[in-house]
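Student: Chain by chain, the residues run as shown.
Number of protein chains: 6
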Amino acid sequence: MRAVSIETGVSKHAEGSCLIRIGDTQVLCTASLEERVPPFLKGAGQGWVTAEYGMLPRSTSSRMRREAQAGKQGGRTIEIQRLIGRSLRAGVDRQALGERQITVDCDVIQADGGTRCAAITGGWVALRMAVNRLMKAGDIKMDPLVSPVAAVSCGIYAGQPLLDLDYAEDSEAGVDGNFILRGDGQIIEVQMSAEGATFSRAQMGTLMDLAEKGVGELVAAQQAALA
Amino acid sequence: MRAVSIETGVSKHAEGSCLIRIGDTQVLCTASLEERVPPFLKGAGQGWVTAEYGMLPRSTSSRMRREAQAGKQGGRTIEIQRLIGRSLRAGVDRQALGERQITVDCDVIQADGGTRCAAITGGWVALRMAVNRLMKAGDIKMDPLVSPVAAVSCGIYAGQPLLDLDYAEDSEAGVDGNFILRGDGQIIEVQMSAEGATFSRAQMGTLMDLAEKGVGELVAAQQAALA
Amino acid sequence: MRAVSIETGVSKHAEGSCLIRIGDTQVLCTASLEERVPPFLKGAGQGWVTAEYGMLPRSTSSRMRREAQAGKQGGRTIEIQRLIGRSLRAGVDRQALGERQITVDCDVIQADGGTRCAAITGGWVALRMAVNRLMKAGDIKMDPLVSPVAAVSCGIYAGQPLLDLDYAEDSEAGVDGNFILRGDGQIIEVQMSAEGATFSRAQMGTLMDLAEKGVGELVAAQQAALA
Amino acid sequence: MRAVSIETGVSKHAEGSCLIRIGDTQVLCTASLEERVPPFLKGAGQGWVTAEYGMLPRSTSSRMRREAQAGKQGGRTIEIQRLIGRSLRAGVDRQALGERQITVDCDVIQADGGTRCAAITGGWVALRMAVNRLMKAGDIKMDPLVSPVAAVSCGIYAGQPLLDLDYAEDSEAGVDGNFILRGDGQIIEVQMSAEGATFSRAQMGTLMDLAEKGVGELVAAQQAALA
Amino acid sequence: MRAVSIETGVSKHAEGSCLIRIGDTQVLCTASLEERVPPFLKGAGQGWVTAEYGMLPRSTSSRMRREAQAGKQGGRTIEIQRLIGRSLRAGVDRQALGERQITVDCDVIQADGGTRCAAITGGWVALRMAVNRLMKAGDIKMDPLVSPVAAVSCGIYAGQPLLDLDYAEDSEAGVDGNFILRGDGQIIEVQMSAEGATFSRAQMGTLMDLAEKGVGELVAAQQAALA
Amino acid sequence: MRAVSIETGVSKHAEGSCLIRIGDTQVLCTASLEERVPPFLKGAGQGWVTAEYGMLPRSTSSRMRREAQAGKQGGRTIEIQRLIGRSLRAGVDRQALGERQITVDCDVIQADGGTRCAAITGGWVALRMAVNRLMKAGDIKMDPLVSPVAAVSCGIYAGQPLLDLDYAEDSEAGVDGNFILRGDGQIIEVQMSAEGATFSRAQMGTLMDLAEKGVGELVAAQQAALA
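If you read the protein sequences in the order shown, they are chains A, B, C, D, E and F. Residue 100 in full-length UniProt numbering sits at position 100 of the first sequence, and the numbers go up by one each step. Residue 18 in full-length UniProt numbering sits at position 18 of the second sequence, and the numbers go up by one each step. Residue 156 in full-length UniProt numbering sits at position 156 of the third sequence, and the numbers go up by one each step. Residue 122 in full-length UniProt numbering sits at position 122 of the fourth sequence, and the numbers go up by one each step. Residue 72 in full-length UniProt numbering sits at position 72 of the fifth sequence, and the numbers go up by one each step. Residue 183 in full-length UniProt numbering sits at position 183 of the sixth sequence, and the numbers go up by one each step.
Worth double-checking, as some hints may not be accurate.
Stated by the list, open to error - Derived DSBU-like pairs: lysine-lysine, alpha-carbon spacing no greater than 35 Å straight-line: (1) K12(E) with K12(D); (2) K12(F) with K72(F); (3) K213(E) with K213(F); (4) K72(A) with K72(B); (5) K42(C) with K72(D).
Claimed, not checked - Going by beta-carbon spacing under 10 Å, a handful of chain D positions derived as facing chain C: (6) K42; (7) Q46; (8) G75; (9) I78; (10) E79; (11) L83; (12) I187; (13) M192; (14) G205.
Treat the hints as calculated values from the structure; they're not laboratory data. Note that the structure is a prediction, hence the values are computed from the model and not measured. Note that CB positions come from ideal geometry on N, CA and C, so glycine has one too.
Let the hints inform the model, and build the full structure from the sequences given.
Tutor: Written out as structure tokens, the structure reads:
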């Protein structure tokens, strides 16, 4: 596992924010609170947590085209932000949150592999801070965050199972997985993909072991940052 | 597992085609061959297999807006067609295919759950037919299809693990998974998501067992249809 | 006139549906009922019938780009769906329909010339079925469909007037026309275009004769399918 | 027929141009010459004539949204500009034109019915001027314009056949037709639509008679303007 | 300063209109009145004045692509129409205008430099006419137009300060400025840009002197046209 | 003038980069080098410098919609990035740069007024670093950067001229200006706008004095950061 650092309170405006660094990967996460819900939830007595993801044009080793100029978010972006939103919601009691929405923006400042996992891990910290503020203000009585949420990538590279792949490892890995878990060990989402090599059930198990270990460290880093 | 039927040769124009029915779900799959590759593969001596996915506006129980009119493919569509393409490629030796592209179009005629899995399973049949034609014509010497590819959904519904969820089960399931496997048992992709309920490693194993059983039946249906 | 077949009830979900085959052309038509009207008709005590048209990417002899991916419907698509909607409305008493909307989707499964005419002819069958359901349920008292609507193409190919052109004939025809008529012989729309050769009033008359004959056969096929 | 005036040479930049006024309808038509053809004609030894149509936002009685701001051309615009291009091409020998393209832009300055017909009639004048310039320069030897092209609308309003409908008549007409003819009497395109009332073959004939008379007057006005 | 002519009342439909000619530059300006304001002003008791700008495709020496077809307004168009709106609003007492909106459309019929300045100068005339009509009808009591607004370009070309640059001068100018002033001498907006050559404060002063002189002439032309 | 800090070398990937802070405004600037020029400069023996601007969704006090999701860059964004590019180019000898392009991306991490000026000032630092690298590598012989470029906003707020407005001042200012100057005192661009109040030539002079003073301080900060 590469070095992890989570710096909170980096935004003057956002209700919750952090800059998460995992190795050379840096993602700025902000949580924005609105006292309204999307149309499909109006009057349902439940809240909503959603996420958006972006990469600065030169967060990558060669400059990428700005999506705002391309006129649409790419397929990868859409897939990732749906995953972040889904993962964070799995740690939220939306009834307890009440009819309000929290939007978690995850913007990659510098990319070196594992940006979606860093976004989930840092996004949860920003979300936690925004919820803390609501609780301090008395707007919420019961804590709607049931457990921390964190994510890590694992893969098989040159036949070896690896935890927390950087960009160079990720591009070469034959099998690539993202594991989103809760602090209590429950699994939220597992995505494992063959990229060149297929894999067996035994290999699934090995990667899952690594992921549980990695998420344990990330949850500890979250708690330390919030303390 | 619901009743499976695969009817091949349903298109006059396509190099390969089938209509796959799984329960009330119906997906029309066509494979279109082009003697050129995308720019990033030019001169690399390798072929490409890609996929697109769409739903007819009234394939669903209430009419959906046509994506061509909305002006873009939705996030779900993009996610699914990337999955189909990735999955089929995992069964292809792209060197052996040579510098040509096969586009597999999967259009949902009627939806009742499991459309992405049906698309992969039927898409592979269409791909197989297009490749057979190339081999019969002598354009390819070595078979580039290393193993059949098929997919099935499994989930946990009211605490019970279930194979091949229909729409009603899928909407209510607490955990939802898609399993893409090869005929030789190797795993291509696993996606498991908490939708309301998280899950444990033991539950992962149970769903994986179901998936292996289901894919076995689907591969048999593919072989029967192609015979 | 090529062989005509109309298979009704092909969709589990739609209020009315058919698969119309004219020669090798196949169009899936569904009618979707909504208990609301477009904004410009709100409170006017009238209903609305509209249509959308699409072609599956490999319905044609070489694969066409999917319009959802191109980001917009092409000019030809827009022209055709406006024609279908206009033609069907010419057979509807919108006062009698009441404040509800029926959307007729016409999706070309396989194309071999005359898809817009097949779409109108099949679309009317789907519309008839959806209206029958409303009448059976007692939601409508007076039948709002004043007369069947059907359409046929005619053209001049190598100097010879031809009825119901297939793709090969259509591409070579010097004059190309679409004729939309009601079952009672009244004309709804006539579009005749020079494509290479101009034409005279006498030729207009000959094509009109052919069209009246063709539409007669199509109306008979509609009635048989609905019986 | 309303008063017709065609003022040529209204643009300093265009190779051909006129302002056509038919009653209160005013359309500015310019012909722009380029020494290249669209990709599909490259090397075919033939030229191309195409057209675009637009309306100024306040050419109409209440302001319309600017299409450039809406982000796309509307269905009506696309239909009309395809018709103008098709109609003008029917009067052109594209072999004689040689590998060059002429784009005819028809922009409605003020609208009072019949803008598409005015655009075709005026567009032909601009095209004629651009071709004259090519011939004067010796770039073309044989005249590629085989016959003048002009268009007029006719309709049935309160049971009466009418020539050249203004906006008030057009909005109320039960049957609406556009007739594009060549100066030699040959027909290029006929579009007749029921708008509320269907029509008979006898009525088709009456409108065709009116159209022939109207186009005769328009061709005379074209010749006078060009003299 | 090139010859200036302002012809009012050129549109049958618009509440105010003029065709302004400055040298070979021609801009059609219309003012459209609506008895509603944009959402952000609802209930604020104030009116709004906004502007849109466009160029006909062949207003320029070589044909430009139509923005409606490109699918969006270009950066230059957006910049210019924001400038026109801002400039006109600086001459309006929006309280006195009351809750209504006037949209000023400026469409360039022929371009030869200085189109944005001509649009502002002509746009104000159209606006004045629309407001006059409101006052005549008694809908407004106090005149909301506090002072005429006019604009002129100045630049430095081959070291020489120049007033009202035509296209040839503008393309070669090293410094290019647009000056929007009120009739009472107050400045609304100044934009000076280095285009190849930077400039000094002394040069700023010289251009400002020229601009004041030019705007004086334009305001006189506005008054004459409205008289 | 608020506190200014410029931290260089903040990006692992970019050829030049800095984080500029002016008060609470923070802009991340990166310079990306490509060994190719835009089509219009191909073979002209000159380089190009261009800029893009963006704001993170929660850089502002309430969350803004992400432009990538809106499907286009807004008018303000486009105006600003054109200004940045134009301003930086005014300090570049494009012949000396040679046929290569440098893209300066300016992304607002936190906004509190003056983001466009900070982007220009920081953008020049990133540009300087990228050019230094080219010179160190011997790819360029003569320094193409003729003079530093920096920008500051000034305005009139409650009758008082103010240097370097923060967001609160800027929203209330009656007159708002942006001044882009070179280190040698030459002016690159001046934009002064009435926002509620118009202004006189004397006031223009006062603001210009302030701007010269402010830019002097910014150029000193640039030099210090680069030392």
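Student: If a hint holds in the structure, say so; if it does not, say that too.
Tutor: Hints and how they fare:
Under the criterion of a C-alpha separation no larger than 35 Å, the hint pairing K12(E) with K12(D) is consistent with the structure, at around 25 Å. At most 35 Å may separate the alpha-carbon atoms for a hinted pair to count; K12(F) and K72(F) meet this at roughly 29 Å. This hinted pair checks out: K213(E) and K213(F) have alpha carbons roughly 31 Å apart, not beyond 35 Å. Pair hint K72(A) plus K72(B) holds up; C-alpha atoms about 9 Å apart against a cutoff of 35 Å.
For the hint pairing K42(C) with K72(D), the CA-to-CA distance comes to about 26 Å; that is within 35 Å, so the pair holds. A cut of 10 Å between beta carbons decides the hint on K42(D): the least distance to chain C is about 19 Å, and the hint is violated. A hinted interface residue such as Q46(D) counts as satisfied when its beta carbon comes closer than 10 Å to some beta carbon of chain C; here the least separation is about 12 Å, so the hint is violated. The beta carbon of G75(D) is positioned within 10 Å of a beta carbon in chain C (closest approach about 4 Å), and the interface hint is therefore held.
The criterion of a C-beta within 10 Å of any C-beta in chain C is met by I78(D), whose closest approach is roughly 4 Å, and the hint holds. For E79(D), the interface hint holds, the least distance from its beta-carbon to any beta-carbon of chain C being 5 Å, beneath 10 Å. Because the smallest distance between the Cβ of L83(D) and any Cβ of chain C comes to about 9 Å, under 10 Å, the interface hint for this residue holds. At a threshold of 10 Å, the smallest CB-CB gap from I187(D) to chain C is about 5 Å, leaving the interface hint in force.
With a least beta-carbon distance of about 5 Å to chain C, the hint placing M192(D) at the interface is held under the 10 Å criterion. Satisfaction of the interface hint for G205(D) is found here, the shortest Cβ-Cβ separation to chain C being roughly 8 Å, below the 10 Å cut-off.
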